[in-house]
Amino acid sequence: MDSKVITFSNFKGGTGKTTNSTMTGIELARRGYKTLLIDLDPQANATNLYLKTKNNFGGEVTSFDETLMTAIKNKNLKPAIINVIQNLDILPSSADFSLYPRYMENIISDYTDRVKYLSTLINPWKDDYDYLLVDVPPTISLITDTALYMTDYAIVVLQTQERSLQGAQAFIKYMQDQIINEFHAPTLDLLGILPVLLKNGAPVDKSTLAKAIDIFGKENIFDITIKKYGTLKTI
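When you line the sequence shown up against full-length UniProt numbering, it's residues 1 to 235, in that order.
Everything labelled a hint here was simulated from the structure, so no lab data went into it.
There's no promise every hint is true.
Below, computed lysine to aspartate or glutamate pairings styled on DMTMM-like, alpha-carbon distance capped at 20 Å [as the list claims (entries may be wrong)]:
#1 Lys73 with Asp113
#2 Lys34 with Asp152
#3 Lys78 with Asp130
#4 Lys78 with Asp96
#5 Lys78 with Asp127
#6 Lys34 with Asp130
#7 Lys73 with Glu105
#8 Lys116 with Glu105
#9 Lys116 with Asp127
#10 Lys78 with Glu66
#11 Lys73 with Asp96
#12 Lys34 with Asp127
#13 Lys52 with Glu66
#14 Lys173 with Glu162
#15 Lys173 with Asp189
#16 Lys173 with Glu219
#17 Lys4 with Asp130
#18 Lys126 with Asp2
#19 Lys78 with Asp128
#20 Lys75 with Asp127
#21 Lys75 with Asp96
#22 Lys116 with Asp189
#23 Lys126 with Asp152
#24 Lys206 with Glu162
What you are looking at is a predicted structure, and each value in this text was computed from that prediction instead of being measured.
Input sequences plus hints: build the corresponding full structure.
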């Protein structure tokens, strides 16, 4: 099958997008799908989690020499890819990726061309994978625009609280108005909204889910809900 690029996002931080993207990667790999997680968040939480996972499975890599940012400067991303477990790789991020917007300003003047640039480095080899999962920061930025431009399906991670609901609304509107209408993203579509319960069935969960159904439509919200979980430190 053709590879699919899936981005997990919300303009509200702390909703569980990194946890869900990393766990989805693990599950796809276990089901036999060749999967790559692309960590576009300079906080590198997904990267740190997967490196710990690699250690737990007997690997020895606890750090890496080539960062995503240096790989972009070298115009070759593949040497930066790290295998985590069978069928699962990561393109790791680090703090220096926060320099990406400034770097792109220096080499490309047109903003839309900057948005498209990373996809030109990934497209030649992305069909080596069945799924490419993208973790992004919860901000409106060149990094998020870049991720969404090359995305086939966006999953909005909705924690059941008011600010997360507002962040989801803002994200979907931005995706339509800016990424699809302005940048003409060739394949971007909303796969669905993934509810993450704040208090495992408390009134705030039920009221927020009811509001989400009214706003987005029941057909756009995944039937499955993710129950409250503690901080995920390893897999």
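Results for each hint:
1. Lys73 with Asp113: At roughly 16 Å apart (the allowed maximum being 20 Å), aspartate 113 and lysine 73 satisfy the hint.
2. Lys34 with Asp152: Given that 20 Å is the threshold and the Cα spacing comes to 17 Å, the pair holds.
3. Lys78 with Asp130: The given pair, whose Cα atoms are some 16 Å apart, holds under the 20 Å limit.
4. Lys78 with Asp96: 18 Å, holds
5. Lys78 with Asp127: 13 Å, holds
6. Lys34 with Asp130: Satisfied, since the Cα-Cα distance of roughly 5 Å is no more than 20 Å.
7. Lys73 with Glu105: 13 Å, holds
8. Lys116 with Glu105: With Cα atoms ~13 Å apart, lysine 116 and glutamate 105 stay inside 20 Å; holds.
9. Lys116 with Asp127: Satisfied, since the Cα-Cα distance of roughly 18 Å is no more than 20 Å.
10. Lys78 with Glu66: 10 Å, holds
11. Lys73 with Asp96: Holds, because 12 Å separates the two Cα atoms, which is no more than 20 Å.
12. Lys34 with Asp127: Given that 20 Å is the threshold and the Cα spacing comes to 10 Å, the pair holds.
13. Lys52 with Glu66: 18 Å, holds
14. Lys173 with Glu162: 17 Å, holds
15. Lys173 with Asp189: Between lysine 173 and aspartate 189 the Cα gap is close to 12 Å, so the pair holds against 20 Å.
16. Lys173 with Glu219: 17 Å, holds
17. Lys4 with Asp130: 6 Å, holds
18. Lys126 with Asp2: 9 Å, holds
19. Lys78 with Asp128: 11 Å, holds
20. Lys75 with Asp127: 18 Å, holds
21. Lys75 with Asp96: At roughly 16 Å apart (the allowed maximum being 20 Å), aspartate 96 and lysine 75 satisfy the hint.
22. Lys116 with Asp189: 17 Å, holds
23. Lys126 with Asp152: This hinted pair holds, its Cα atoms lying about 12 Å apart.
24. Lys206 with Glu162: Holds, because 12 Å separates the two Cα atoms, which is no more than 20 Å.
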